[in-house]
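Novice: Listed in order, the protein sequences are those of chains A and B. Counting in our numbering, the first sequence runs from 3 upward without gaps. Counting in our numbering, the second sequence runs from 11 upward without gaps.
Any given hint might turn out to be false.
[Said to hold, decoys possible] Below are the DSS-like pairs computed for lysine-lysine, each with C-alpha atoms no more than 30 Å apart in a straight line:
1) B/Lys108 with A/Lys9
2) B/Lys52 with B/Lys66
3) A/Lys67 with B/Lys108
4) B/Lys66 with B/Lys108
5) B/Lys78 with B/Lys66
6) B/Lys52 with A/Lys9
7) A/Lys67 with A/Lys9
8) B/Lys81 with B/Lys108
9) B/Lys108 with B/Lys78
10) B/Lys66 with B/Lys81
11) B/Lys108 with B/Lys52
12) A/Lys67 with B/Lys52
It should be emphasised that the hints constitute simulated quantities derived from the structure, not laboratory data.
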Amino acid sequence: SAVISQKPSRDICQRGTSLTIQCQVDSQVTMMFWYRQQPGQSLTLIATANQGSEATYESGFVIDKFPISRPNLTFSTLTVSNMSPEDSSIYLCSVAVALLGGELFFGEGSRLTVL
Amino acid sequence: GESVGLHLPTLSVQEGDNSIINCAYSNSASDYFIWYKQESGKGPQFIIDIRSNMDKRQGQRVTVLLNKTVKHLSLQIAATQPGDSAVYFCAENMDDYKLSFGAGTTVTVRA
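Please model the entire structure based on the sequences and the hints provided.
Specialist: Below, the structure is given as structure tokens:
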């Protein structure tokens, strides 16, 4: 399986600030994704992080709010911009490793609380 | 909205008994499904997957059943243990490994 490291694991942020979450994978992966999990809820796909090009966002998510970078095959960042309390969630990085039959693995998540 | 849903939000099971967690999906063209386990404070952990060309797949103590006729998916856990207490999600591969998750079932194992 792929080992996925996310930083920070948790943070408390002030309203109006921005925070960047990092995702590092221990092997080259074909696909990387970012999900949001609001308190007590299921997971919702934010976007696909594309290596060397702009991310592909799902309905309801926009680049200005959630800018994403993926400079190489093992690393991606998600920024949550101009945060409000409604952004308090767990943000999860996910990867698909084709050599492992396309299984999708998740990081442990970054738990953000916005005051 | 979600294309995948679960029948029950909670399940309480006696230790040693078998657990069955259900999931219904709406897209008849869906061809790949995954079950995840999420323990408190952790990310989802891959349990087992199944493709639409199969109707059953077994792993260690777990079995996934797929009924394409009624668009129903289930996860069976044999001899449930306290460590099985978690939230279980079914997920559907929409396209290129983009997943749509169901609402989740919280499994509580009674000693």
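Novice: Taking the hints in turn, state whether each one holds.
Specialist: Cross-check of the supplied hints:
{"no.": "1", "hint": "B/Lys108 with A/Lys9", "result": "23 Å, holds"}
{"no.": "2", "hint": "B/Lys52 with B/Lys66", "result": "28 Å, holds"}
{"no.": "3", "hint": "A/Lys67 with B/Lys108", "result": "20 Å, holds"}
{"no.": "4", "hint": "B/Lys66 with B/Lys108", "result": "23 Å, holds"}
{"no.": "5", "hint": "B/Lys78 with B/Lys66", "result": "11 Å, holds"}
{"no.": "6", "hint": "B/Lys52 with A/Lys9", "result": "14 Å, holds"}
{"no.": "7", "hint": "A/Lys67 with A/Lys9", "result": "19 Å, holds"}
{"no.": "8", "hint": "B/Lys81 with B/Lys108", "result": "19 Å, holds"}
{"no.": "9", "hint": "B/Lys108 with B/Lys78", "result": "20 Å, holds"}
{"no.": "10", "hint": "B/Lys66 with B/Lys81", "result": "14 Å, holds"}
{"no.": "11", "hint": "B/Lys108 with B/Lys52", "result": "20 Å, holds"}
{"no.": "12", "hint": "A/Lys67 with B/Lys52", "result": "25 Å, holds"}
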